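Chain residues, written in single-letter form:
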Amino acid sequence: MSSYTQKKGFGANVWDYITTVDHKKLAVMYLLAGTLFFAIAGFEALLMRIQLMKPNNDFISAGFFNELLTMHGTTMLFLAATPLLFAFMNMLVPLQIGARDVAFPFLNSLGFWLFFLGAVFLHLSFFMGGAPDAGWTSYASLSLYSPGHGIDFYVLGLQISGAGTLISGLNFIVTIITMRAPGMTFMRMPLFTWTALVSSALILFAFPPLTIGLLMMLFDRMFGGNFFDHTMGGNTIIWEHLFWIFGHPEVYILILPAFGLFSEIIPAFSRKRLFGYSSMVFATILIGFLGFMVWAHHMFTVGLGPTANAIFAVATMAIAVPTGMKVFNWILTLWGGSIKVTTPMLYALGFIPSFVAGGVTGVMQASAPLDYQLHDSYFIVAHFHYVIVGGIVTAIFGSAHFYWPIFFNRMLNETLGKLTFWIFFIGFHLTFFVQHFLGLMGMPRRVFTYMEGQGWDQFNFISTIGALMMGVGVIIMVINCLLSIKGEPAGRDPWGDGRTLEWSIPQPIPFYNFRQTPLVRGLDPWWIEKQEGNKEMTFAEPVGDIHMPNNSAIPFVISLGMFIAAFGALYHPDADKPWSIYILIGGLAITFGAMIFRSVKDDHGFHLHKEEILEIEEHLYGKGGNK
Amino acid sequence: MSSHDTPIVAKSQAQYEYDRHHNAVHMRKQVMNFAIMIFFTFIAFAVVAADFSKYLIFPLILLLAGVQVVLQLYAFMHLEDKKTHFGGVIGFFMWMGILIAFTFFLAFLTIIWW
Amino acid sequence: MDFNTKFTPHTWPDHPEQATMEGKNKVVGFWIFLACEVVLFASLFATYLALKNKGPAGMEFTTQSLFELPLAFAMTMLLLTSSLTSVYAIYHMRNFNFKAMQTWFGITLLLGLGFLGLEIYEFYHYVHKGFTFDQSAFSTAFYSLVGTHGFHVTLGLVWISTLMIRNAKRGLNLYNAPKFFVAALYWHFIDVVWVFIFTVVYLMGVIG
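Residue numbers (our numbering), protein chains in the order written: chain P, 1 to 627; chain Y, 1 to 114; chain G, 1 to 208.
Any given hint could be a false lead.
[As the list claims (entries may be wrong)] Straight-line C-alpha distance at most 30 Å; calculated DSSO-like pairs for lysine-lysine:
1) Y:K54 with G:K99
2) G:K52 with Y:K54
3) Y:K54 with G:K6
4) P:K25 with P:K577
5) P:K54 with P:K7
6) G:K99 with Y:K11
7) Y:K11 with Y:K54
8) G:K54 with Y:K83
9) G:K179 with Y:K11
10) G:K169 with G:K179
11) P:K272 with P:K601
12) Y:K82 with G:K54
13) P:K418 with P:K8
14) G:K129 with Y:K29
15) Y:K82 with G:K129
16) Y:K83 with Y:K11
17) P:K601 with G:K99
18) G:K52 with P:K601
19) Y:K11 with G:K6
20) P:K25 with G:K54
21) G:K6 with P:K610
22) Y:K83 with Y:K54
23) G:K52 with Y:K29
24) Y:K11 with G:K52
25) P:K601 with G:K129
26) G:K179 with P:K601
27) G:K179 with P:K24
28) Y:K82 with G:K179
29) P:K8 with P:K272
30) G:K99 with Y:K83
31) P:K24 with P:K418
32) P:K418 with P:K486
33) P:K577 with P:K601
34) G:K52 with Y:K83
[Stated by the list, open to error] On the chain P side, residues computed to face chain Y include the following (Cβ under 8 Å):
35) I177
36) T236
37) I237
38) H241
39) W244
40) L304
If you are wondering where the hints come from, they were derived from the structure by calculation, not from laboratory data.
Remember, it's a predicted structure, so these values are computed and weren't measured experimentally.
Cβ atoms here follow ideal geometry from the backbone N, Cα and C, with glycine treated the same way.
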């Protein structure tokens, strides 16, 4: 019996996950890590909503409230939404293009561990002097002078995590460019792969300004730099520009994969191909491009002048056009289709009106004069939660249901799924719809309490009830996920209407994905084969040796070194901690040592021979049956 | 044998000599490109050392820098080589990066004030 | 198997760096990384342009008074020539001439070291005058931009020397050909950045 078919012990399994470079395992790790941080950030939100439930509440102090709001935003965007979407991108992109793994499996692992250890570092701040408290935007005026190390945790944690995200984005771009199966031209790629490509290109171009901004903040706080200090010639607006040049594309980085996921779900449950494929691709690229031209709409009230404000206002309104194209295309896909309202479809149907509502309030805010009234009010909070929760979170929940069989060869329970949907969806609208009115009534954002008698009490109370409902929905979802462990294996193409390559692979998916590289004969390649009565994809090559990458512990070691070095950097400016320089140097030595080791020691991967492949497949599907 | 392995093909002597000659010709072109770059650099420094108007010099040296950069990208870095895999896509990404860079300069020179 | 095959000049592929799947991926991947670095340096450049000559009231350091053309010219000549020598190195790599490739990479290293030496001298000279990192916003921006470039040059020197030492006994094969090619791409890129630095920082600075 070859080593591939032996069962592993618990310790060996843990080591396997620490050293894996397999995109499918990394996808599961992103899913788990993302869910953990989603739960933490959600809990932070609940604490905030409880504090705001009634006027002059004293459930949470003002300082801690600032830490909560900072961490809620930072965690949700960087450490929950991004990794959850990466989970889907990691699992699906190689499968959808017919590849055996991503272009750089080692870097894939490195990207994960950098993200994870950066996230852990940031969260340790709660226990080590206080979390950052200057908002997720950490404007240079407030954050420069924030006492304690909270902001330093923010700068260093995001720098490390951000490096991981950038590396992964680059990996997806190269994978999609070079590793497509024969016959898969760019215009035959599934929409999710297209959105993954454009989103990764946005990551590639948007994260460098953030990197530089964080570096500048680090220099100013720790090394006497003067970028943002106006008494020394600096300018605090530079931070705002760099942050929002990153920050605006960041939200498109998050929403485009969500759009892509719905573009897979809606055709599957309408039994109809996606309407207007080329225009969807074009709209995706246009949204990505325009996303870089609008950042100063976050800075309308800074005083850039009417010309600049007008230019950015018009550009912002223009983004609504390709987005609207996509919405119409989804609706037209549904039109005339054979609709099956499964849980993923429920989320898709809930997404369309919710996201459009968030989008139109966005266009309202694009008008600079109106934004002068709305800026920093709860109207803005309502807007972005509508697009984020209505767009990204529904996509993640719906896709979890849709793709659970690909991840784990199990189906999630439909009854619990529908229950989750209704509780969460109603709770979501209760929480955030009333916040539009709170904003219009003048309630500012980022306040830890408010006085009674302003007419805000009732809506705040309703909003908190909605938040509690969302919490209940999430708990039911988690229970559903845990129950599925003991469920029946789902088998191949369990929804019955899969159109793309990931549904064509027998379950459980072998670690090399495709025994033979498939031949793609058109858009929706698996649908084409099914229409012709084939039980399997047409293949592009005979069964032969497969070249696979080796596992490696080095990505974990590199990331660990950076994690350690970050502590050294954090405490270095403190005069009473002379040992910090050794930690800094030690951590960097570990990182560079591991990098040099990687360069010097050859790693050619390993070859899987034909006999071993056949043995593995017999073990998975043949006499052993479904696992 | 895996179908992804690179086939080992021996060139004929004639093909080999043609390719060597072709490489040498191409290398001479690169030296020519280098000479152009040095020349542009000279002009840029000279024009600054002489006493022309600032409004003439700034656009001129920026233009010279731009052309030098394009030469480096396409000639020295082999982006013009038709056999570069996915050269078109690579070029597209580079130009996108350059475009975005340009918007930064525009923004930072116009909407940061005292 | 590619890694143990013994090549001759007749069997060596035309574009050895792209003859394997890993090689193709490395070349495409590195170009994409360079596009990212363009935006990274653009952020530093844009910040420098905004903070040029800005400092506390009464500051006596300006770009006109500080920068000297002859030094910038010498540094430019060194780096530009090193870019050409790395093209020569790749030319020899394509001709399967390992010794010549190593020689030309070695010359590239020497020229790069010369550049770095001059830059360190320049910074030392400024610090001696009182133009330190924390002197003003202008100084912080200057050292960040030019220093980041210098840091990239240093990394490039370490990279190329590591490659030369590691592969000294191996000769050329399809495993290390992409590595040498990608290192050369990186070296050209830092020359590209320097073209903009000497134009925007030094030339435009001297005029004011």
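Against the structure, the hints:
Annotation: proposed proximity of K54 (chain Y) to K99 (chain G) is violated, straight-line Cα distance about 49 Å (limit 30 Å). Distance check on the hinted pair: K52 (chain G) and K54 (chain Y) sit about 17 Å apart at the alpha-carbon level, within 30 Å; holds. Taken as a hint, the K54 (chain Y) and K6 (chain G) pair is broken in the structure, with Cα atoms around 59 Å apart against an allowance of 30 Å. Simply put, K25 (chain P) and K577 (chain P) have alpha-carbon atoms about 40 Å apart, too far for the 30 Å limit, and the pair is violated.
Between the alpha carbons of K54 (chain P) and K7 (chain P) the distance comes to roughly 56 Å, so the proposed pair goes past 30 Å and is violated. Between K99 (chain G) and K11 (chain Y), the direct Cα distance comes to roughly 22 Å. Compliance with the 30 Å bound is thereby established for this hinted pair. Taken as a hint, the K11 (chain Y) and K54 (chain Y) pair is broken in the structure, with Cα atoms around 57 Å apart against an allowance of 30 Å. The suggested pairing of K54 (chain G) with K83 (chain Y) is violated, with an alpha-carbon distance near 48 Å, which exceeds 30 Å.
Between the alpha carbons of K179 (chain G) and K11 (chain Y) the distance comes to roughly 24 Å, so the proposed pair stays at or under 30 Å and holds. Restraint check for K169 (chain G) and K179 (chain G): the C-alpha separation of about 16 Å stays at or below 30 Å, so the hint holds. Pair hint K272 (chain P) plus K601 (chain P) does not hold up; C-alpha atoms about 51 Å apart against a cutoff of 30 Å. Simply put, K82 (chain Y) and K54 (chain G) have alpha-carbon atoms about 47 Å apart, too far for the 30 Å limit, and the pair is violated.
Of the supplied pair hints, the one linking K418 (chain P) and K8 (chain P) is violated, its CA atoms being roughly 36 Å apart against a limit of 30 Å. A C-alpha spacing of about 45 Å is found between K129 (chain G) and K29 (chain Y), which places the hinted pair above 30 Å, so the restraint is violated. At most 30 Å may separate the alpha-carbon atoms for a hinted pair to count; K82 (chain Y) and K129 (chain G) exceed this at roughly 51 Å. A C-alpha spacing of about 18 Å is found between K83 (chain Y) and K11 (chain Y), which places the hinted pair at or below 30 Å, so the restraint holds.
Our distance criterion of 30 Å between C-alpha atoms is met by K601 (chain P) and K99 (chain G), whose separation comes to about 23 Å. With a C-alpha separation of about 46 Å, the suggested pairing of K52 (chain G) with K601 (chain P) is violated against the 30 Å cut-off. Between the alpha carbons of K11 (chain Y) and K6 (chain G) the distance comes to roughly 15 Å, so the proposed pair stays at or under 30 Å and holds. Distance restraint check for K25 (chain P) and K54 (chain G): the Cα-Cα separation of roughly 51 Å exceeds the 30 Å cut-off, and the hinted pair is therefore not satisfied.
With a C-alpha separation of about 26 Å, the suggested pairing of K6 (chain G) with K610 (chain P) holds against the 30 Å cut-off. Pair hint K83 (chain Y) plus K54 (chain Y) does not hold up; C-alpha atoms about 43 Å apart against a cutoff of 30 Å. For the hint pairing K52 (chain G) with K29 (chain Y), the CA-to-CA distance comes to about 39 Å; that exceeds 30 Å, so the pair is violated. Taking the CA atoms of K11 (chain Y) and K52 (chain G), the gap is near 58 Å; set against the 30 Å cutoff, the hint is violated.
A distance of roughly 46 Å separates the Cα atoms of K601 (chain P) and K129 (chain G); the hinted pair therefore is violated under the 30 Å criterion. Simply put, K179 (chain G) and K601 (chain P) have alpha-carbon atoms about 14 Å apart, close enough for the 30 Å limit, and the pair holds. As the CA atoms of K179 (chain G) and K24 (chain P) are separated by approximately 28 Å, the hinted pair is consistent with the 30 Å bound. Only pairs whose Cα atoms come within 30 Å are accepted, and K82 (chain Y) paired with K179 (chain G) is accepted, the gap being roughly 21 Å.
With a C-alpha separation of about 43 Å, the suggested pairing of K8 (chain P) with K272 (chain P) is violated against the 30 Å cut-off. For the proposed pair K99 (chain G) and K83 (chain Y), the alpha carbon gap of about 26 Å is at most 30 Å, so the pair holds. For the suggested pair K24 (chain P) and K418 (chain P), the alpha carbons sit about 27 Å apart, so the restraint of at most 30 Å is met. As the CA atoms of K418 (chain P) and K486 (chain P) are separated by approximately 20 Å, the hinted pair is consistent with the 30 Å bound.
Between K577 (chain P) and K601 (chain P) the alpha-carbon distance is near 37 Å, which puts this suggested pair outside the 30 Å criterion. The straight-line distance between the Cα atoms of K52 (chain G) and K83 (chain Y) is roughly 43 Å, outside the 30 Å bound, and the hint therefore fails. At about 6 Å, the closest approach between the beta carbon of I177 (chain P) and any beta carbon in chain Y falls short of 8 Å, and the interface hint on this residue holds. Hint status for T236 (chain P) relative to chain Y: violated, with the closest Cβ pair at about 10 Å, above 8 Å.
Hint on I237 (chain P) holds. Least Cβ distance to chain Y is approximately 5 Å, under the 8 Å limit. Because the closest C-beta pair between H241 (chain P) and chain Y is about 6 Å apart, less than 8 Å, the hint holds. This hint is violated: W244 (chain P) has a C-beta 10 Å from the nearest C-beta of chain Y, more than the 8 Å allowed. The beta carbon of L304 (chain P) comes within 5 Å of a beta carbon in chain Y, closer than 8 Å, and the hint placing it at the interface holds.
Hints 1, 3, 4, 5, 7, 8, 11, 12, 13, 14, 15, 18, 20, 22, 23, 24, 25, 29, 33, 34, 36, 39 from the earlier list are contradicted by this structure; the remaining hints agree with it.
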